[in-house]
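These protein sequences, in sequence, are chains W, V, B and L. Numbering of the first sequence is given in this note's numbering, commencing with residue 1227 and proceeding in unit increments. Numbering of the second sequence is given in this note's numbering, commencing with residue 63 and proceeding in unit increments. Numbering of the third sequence is given in this note's numbering, commencing with residue 516 and proceeding in unit increments. Numbering of the fourth sequence is given in this note's numbering, commencing with residue 2 and proceeding in unit increments.
No lab work stands behind these hints: they were computed from the structure. Some hints here could point you the wrong way.
To give an idea of the chain B side of the interface with chain W (calculated C-beta under 8 Å), a few residues [unchecked claim]:
hint: 1; residue: 687
hint: 2; residue: 701
hint: 3; residue: 797
hint: 4; residue: 798
Computed footprint of chain W on chain B; a stretch qualifies when at least three of its residues, placed anywhere within it, have a C-beta under 8 Å from a C-beta of chain W [what the hints assert, rightly or not]:
hint: 5; region: 651-663
hint: 6; region: 761-769
We treat Cβ as the ideally placed atom computed from N, Cα and C, and that holds for glycine.
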Amino acid sequence: MTAALDVSGLVAGYDRTVVVRDLSLSVEAGKTAVVIGPNGHGKTTMLLAISGLIKPMSGSITLGDERIDRSSAESIAGMGVVHIMQGDGLFADMTVEENLLMGAFVSSSWRGRRETLKRVYADLPVVESKRDQKARTLSGGERRLVGLGRGMMRPARVMLIDEPSLGLAPVAIEAVYAAIAKLRAESGATVVLVEENFTHIGGVADVVHILETGSIVRSGSFDELSHDRTVVETYLGSITDVTT
Amino acid sequence: MTGTFSGLSPTRWLMIGSAIVLVALFPLVYTDPYYMTIIVTAEVVLILNISWNFVLGMAGVWNFGQLAIYALGAYGAGWLMLHQTWMPAMIAILCGGLFSAVISVLLAFPTLRLFGIYTSLLTFSFAQVVQYVALNDPRGLTGGSYGYPTVPGLFPNMSQTSYLRAYYWVFAAVIVASCLVVAWLRQSHLGIALRSIRDSPGYTAARGVNPRMTRVIAFGLSGFLAGVAGGFYLSFEQSFTTSQMGLTPMSIDVTMLVIGGLGTVMGPVIGTAIVTVIQTILIDYPGWQLTILGATLLVIVIFVPGGVVGLISRTSKRVGAWVEEDSDAVEAAET
Amino acid sequence: MTDIVAIIVNGLVYGSIYGLVAIGMTLIYGTLRILDMSQGSMVMIGGYVGWWALATHGVNPLLALVLAFVVTFVVGTLTELVSVQPLIGRRGEVDFEMVTFITTFAVGILLTNVALQHFGPFQKNVPPIVSGNLDVYHGVSISYHELTMAGVSVLLMGALGLFLARTRWGFAVRAVAQDLDAARSLGVPVSRLYPATMGLASALAGVGGVFLGALYFASPTAGDLPLLQALIVVVLGGLGSLTGTLYAAYLVGLMQAFCEVEIGTTWTLPILYTAILIILVIRPYGLKGSPSEARL
Amino acid sequence: MTETAARSPQAILEARGISKLYGGLRAVDDLSFSVKGGEVLGIAGPNGAGKTTLFDTITGHTIATTGEIELGGSSILGTKIHARCRMGLARTFQQPVAADTLTVLENAYLAASFRRGRTGRRSRSDDVAAGQAALKLVGLEHRATMAASQLPVYDKKRLMIATALATEPLVLLLDEPFGGLNPREIDDTLALLRRVRETGVAIVCIEHVMRALVALADRVLVMHHGAELFVGTPGEMMRDQRVIDVYLGASGSGAE
């Protein structure tokens, strides 16, 4: 089973500051890999490098059998990489429907955009009810669902999802993860999902990777890792410190 | 104590000293009135550029009203020279400078509430208003487009060669003084505060620097020097027309500053020299002059970010670093 | 009473042509975040195309407008590739907004002086698109040329509005204006969109230039006045929004018409610039009073 | 570091009822806290909980919609950013920032020239000495003549702390000082901040890296959706069910 997406020895960051240090990760086709890690350790930078929004400093990124780490974000999007950005990346002054239509901008999907739009509305009734509102007027949870809906507007070989639970109330997070589960079932796309905390990824993750200070330190299934010393260590700080 | 900052090494002082001596002796040797006039006019433009470089390059405020401040200095000095004849011309010119400094400070307050494009649009509009008002010459204060009436000036009755030579020396002295003051200011508390605000305003304010007041001082100082330059121009040329303030002279001055190197001490000197030489060579092809200047400006901004001075310091640093590597290697070998 | 009619009629005509030139600048600021100081010379080029097509070759006026559109579209695209694109990669270390202010300014100087070199300094007479006058109210008449100018300007601005609101590439332009990275991640080819946007904005100014050529002759410096006027409109309307620019264009047009009728043309621009000065002092970012993110 | 702010029982920084509204969104929602000399108050919470916005209202980078802020007993509402610094309130930023074209020492000298303890006419040698002392405290004295732009991330973060200390603050506001650091750098920064606490400076510290926050903070305020979710010792925080659900995630409960 060739990996749908293979990242090896990736080094990336912003002008001189290196954030991702020698990161390697490969995801099998149709599988969902979840990358967990504290803030500021390179999760978002990794996704930005994969989708071409920042140029990797070194290392290689391969989509199927094609290297994409030198291509522009626009051409990588054309090859079927969908990137649902941190915060949601909606166009604030365009309506929900206009945002969704932009999801089908690539020429191959633009013609069939009306039908795809109907399907997305069927999957996400909340989004349909807000179709003519400007994205700026939506709540955090609604914006996140529109972001996901936009990602569903074109066929995806690989879907990158950046912290879908960021800053949302628990009830909104449930709705977002329900939408992600539906998306996985229907599209069969390979998914790389980045999250900061552990609670919601149980039902979604086929494999979990722990990322710390710029590279993957541990990998395994959700059950293995949720009862594991180092995961607690990364998150909770050694309990011994607390008692002094 | 200045040693802690990049002070001037003895060899650098020697170079500056010999340059000043050369500049001083030049008019004794060379007296062709045509080229001397060009040089003296270029000196006045250089004084204006030094003042503009201080607020534009060092303080980082995109002020496009400097030519209007320069003109107001000329009109102020001119009025004093015409109507207060008891006052020596030099004092009149300095008062013109003070007048411009006050106007510049008044302009600073609204300007410093803005940022980016809006700063340049406000100051640009100020310059347009001053130019139009001067053009319509209210109560004969500005002489409109025909130019300011002739004034006695610094050296009223002199033969042409000694007239040119006298002005050459006065302006050269003012240039050397201004450069030294700017170099000193750059390392002073004010200069460091200005450059810090230019680099990151939010951070610098959080470290106790009052951004607004520091930059108002920069407006005042540069306004004074620009006003003095205006007075000098009127005194030397014996007239000052509103065309001095238009879009074209402004674009030439910007080209000089950018080619020389914005925010550096010697940038204006080198930039003004290069552009003046280009203008003089192309004097017979007016169409080509600005085309070449426009193209040079474009090339320098894109390919030579720090201007000529930036280029020189980068290459000398690279040479320096290369030399240091050797000395480090030697040191490493010794320990 | 006739004064008021004259002010309104002239005001609407001036407003339309100011709108056409200024809306291009707002479109460019919205997408590229730069103030295009070469927009004035596009008006100048339009004037010369008008002169070449109408005066020397007697081409059908409509064709002259199309020709001006195409020529300035190409020049505008080249201007972006020369003065903006090389700097896009270096947004970090260089003050992008200010440097592009200078480089587009430099292109303006270049184009003005190439025209000076090629066509010589003397003003060239450009025949009107349509001859004849229309009597609006006893004593107040407006030339058919100016009416067509207003009509074509409104038509083009409307077409721009429809393009942005309905078409795929219109969506892409608005998307780039509001969130560049999100737009790129959806496949919008920014390295081709930016030059085309500047080309389109320049083409609008070029068409305006043909009309203005008949009113103010074609000459190397024909672009300076429209640039100054467009800056007034853009400051008033707020750089980000097309609708803001439209309102400001007609406001400035009416103010200019008022000044010309009541006070005299020499004082028109000083008054307009004084108005700008006062507005920027009281409302630091134009009428809307807040730094305008792009609305488009 | 001069022994100016002795460990005073009375709160040095007092914030009461702070709110910040952006249109309908309540970025900070009626929040109060206080911190004494020599005490470390940690601020935690998921992304977008309003932590940095709260900081910005204290330092004046944004204007609080409602609320009272008192520094050393006197209100600082409405005072400008630079005035608050001179009154003894220094902060660092989430993204490491400095005056890039200035040298490291020039950065420290400029901050030291506005330090609280400076009396009488400004003397350059005293200011430079105070700047050098601040650099020595964070171990950057050997980089004095280097341009700030060339510093790697960790050194730039240390320079930010050094210039903050150079203003001799009563209160030091830190915005994610440990973000992006490797374990050794975290330990060095912990040691540095503990030394700073000994001199009697009050510290308020936003942090995500649990290990560092727990080790440093005397008390922790956890924010969620702009409001206070929890206040207490780090130990209590670990076992508080609400904090675990909202912020720490299942691994928290898995840690009995």
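Starting from the hint list further up, note which numbers the structure goes against and sort them upward.
Hints 3, 4, 5, 6 not satisfied by this model.
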